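Enquirer: Sequence:
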Amino acid sequence: SPVRGHAASQAGGSPSKRWAVPVEALDNPLARQRPPAFVGGVGAYARGSDMEPGGVQDTHRRFAKGPMASSMDAPITKSQIVFNETETGELGGVVQRLRSSLARRGLKGWKLLGERFLQHDHRRNGSVMRLDWQRLHRSLGLGLSPEEQEIVFKGFSVTRRDGAMDYRECMRSLRGPLNERRATLVHRLFDALSEQGPGVSTEKLKASFDAKNAPLCLVGTKDAASERQEFFEAAD
1 SPVRGHAASQ AGGSPSKRWA VPVEALDNPL ARQRPPAFVG GVGAYARGSD MEPGGVQDTH
61 RRFAKGPMAS SMDAPITKSQ IVFNETETGE LGGVVQRLRS SLARRGLKGW KLLGERFLQH
121 DHRRNGSVMR LDWQRLHRSL GLGLSPEEQE IVFKGFSVTR RDGAMDYREC MRSLRGPLNE
181 RRATLVHRLF DALSEQGPGV STEKLKASFD AKNAPLCLVG TKDAASERQE FFEAAD
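Residue numbers for the sequence shown, in the UniProt record's numbering: 1 to 236.
Hints were generated in silico from the structure; no laboratory data involved.
The structure displayed is predicted, hence computed values, not measured ones.
The beta carbon of each residue, even a glycine, is placed where N, CA and C say it ideally should be.
There may be inaccurate statements among the hints.
[Said to hold, decoys possible] For each label pair, taking beta carbons as the anchor points, the in silico distance ranges come out as:
(1) T184 to S100: 22 to 28 Å
(2) L189 to P146: 36 to 42 Å
(3) L189 to G163: 38 to 44 Å
(4) G197 to S139: 34 to 40 Å
(5) K108 to V158: 28 to 34 Å
(6) L144 to K204: 35 to 41 Å
(7) G163 to R188: 41 to 47 Å
(8) A234 to S100: 15 to 21 Å
(9) G89 to S226: 36 to 42 Å
(10) E180 to R135: 35 to 41 Å
(11) E150 to A183: 22 to 28 Å
(12) A234 to R160: 25 to 31 Å
[To be verified] Dumping the calculated PhoX-like pairs for lysine-lysine here, alpha-carbon to alpha-carbon at most 25 Å:
(13) K222 to K212
(14) K206 to K108
(15) K206 to K111
All chains should be built: construct the whole structure from the sequences, respecting the hints.
Expert: Shown next as structure tokens:
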């Protein structure tokens, strides 16, 4: 009724308007006190060049009108990283394990590995493909995991354009470097057996071999007869 509506307007209007919060009471972000202006010194987002006296101003090259000096040292890029170091890193660890596995087999293990590489070198260019490397590994039971086999293959195929593995480089890496003392002994032995000639004959090499002083015979893990037979097969 008109009387009831008039009473409601006197009491403060509609219920929604009666409970509405005044605009002045709201938290107005523009009414907050602003932080003091930055007047100088090193800010929280200052670059290294800004912190040093005489540093080069770091301006975006896109908006520069002329050549600019670098504001910081250039970052390390992929081209600056040295990969495939022989005795370090991931490849070096796998090569060392493979070398230990071959060393436990003696000369026969090295001989078989070389023969299998030659057998799978279908193009006769010192390389094998990935599937041939996997077959070779499986037939010899070299004990590497699939991931380690892939590390070896990629490590010795990175320098080739055909994507094949350079097994000659792999064999050189497996052989490892000789220390100065052993290198001197090897040269002296070669000079003595060759008598200053171009090489050593197979017969002379076998006649000069003393199986009893072979490392595995000295520690008692192999008898002299089997060691002699293995050496003769490798020499032939």
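Enquirer: Indicate, hint by hint, whether the structure satisfies it.
Expert: Going through the hints against the structure:
1. T184 to S100: 22 to 28 Å: Holds, since T184 and S100 (Cβ atoms, about 25 Å apart) stay within the stated range.
2. L189 to P146: 36 to 42 Å: 41 Å, holds
3. L189 to G163: 38 to 44 Å: 40 Å, holds
4. G197 to S139: 34 to 40 Å: For G197 and S139 the Cβ distance comes to about 38 Å; the hint holds.
5. K108 to V158: 28 to 34 Å: 30 Å, holds
6. L144 to K204: 35 to 41 Å: 37 Å, holds
7. G163 to R188: 41 to 47 Å: Because 43 Å falls inside the window, the suggested range holds.
8. A234 to S100: 15 to 21 Å: 19 Å, holds
9. G89 to S226: 36 to 42 Å: Between G89 and S226, where Cβ atoms are some 38 Å apart, the hint holds.
10. E180 to R135: 35 to 41 Å: Holds, since E180 and R135 (Cβ atoms, about 39 Å apart) stay within the stated range.
11. E150 to A183: 22 to 28 Å: 33 Å, violated
12. A234 to R160: 25 to 31 Å: 29 Å, holds
13. K222 to K212: 10 Å, holds
14. K206 to K108: Holds - the C-alpha atoms of K108 and K206 are around 15 Å apart, at most 25 Å.
15. K206 to K111: Distance of about 16 Å is within 25 Å: holds.
Checked against the numbered hints above, the structure breaks only hint 11 and satisfies the rest.
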